[in-house]
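Engineer: Sequence:
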Amino acid sequence: MSVASSPRLLALHGLRLHGRAEPDEVAGYMGAGVDDIAAELQLLEVEALVDHRAGRFPGFGLTSAGRAEGERLLAEELDEHGLRRHVEAAYEEFLAYNRQMLTICTMWQLRTVNGATVANDHTDEFHDRSVVEALHSLDQHVRPVLSALCDGLDRFAGHEARLRYALDRVLAGEHDWLTKPMFPSYHSCWFEL
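Be aware that the sequence shown starts at 1, since it is given in my numbering, and climbs by one per residue.
Think of the hints as simulated: they come from the structure by calculation, not from any bench.
Keep in mind that this is a model prediction, so the values were computed, not measured.
Don't be surprised by glycine CBs; every beta carbon is placed ideally from N, CA and C.
What follows is a list of derived Cβ distance ranges for each label pair:
(1) D24 <-> A134: 32 to 38 Å
(2) Q100 <-> A148: 16 to 22 Å
(3) L102 <-> R16: 18 to 24 Å
Let the sequences and hints guide you as you build the complete structure.
Structural biologist: Shown next, in the form of structure tokens:
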């Protein structure tokens, strides 16, 4: 049976992955209840583990102490539930696919024209289609690794869902979903793992 992480860990880890955010964003990102995350963020703010800002980039963000507490809670969760080896094994398997992902991203951003490497202007449909097919193939191979992580810890289900959604968008022709920065692209979700 998969372990459900505490709201405290989910709030801290959600901010670590997502960056500055409001409670509803953290909750949605981590697959948690908004009320639970909002209450936890208020407690964490009192403890100076997070701060809240208004203005151009509003929301809660981690303090240095909050980052350290989040790391402590992650380690504690793995050890308390005997999942450290399980997660480490899945991570090692995942790393084997990382080079392929980097190659796919590079192929999406660059291509060879007349022997020269140039920025991909996405006018070569064959090239772009081959990159999308490579991404789809990689995704099929990495799914069992993600499933193994989800079998151990519920919090990985959000990663799996975000990767699946981004891939579906790419396959539907919405190519920003492959590598666009500061966006929930496949690339962004991948590197959160």
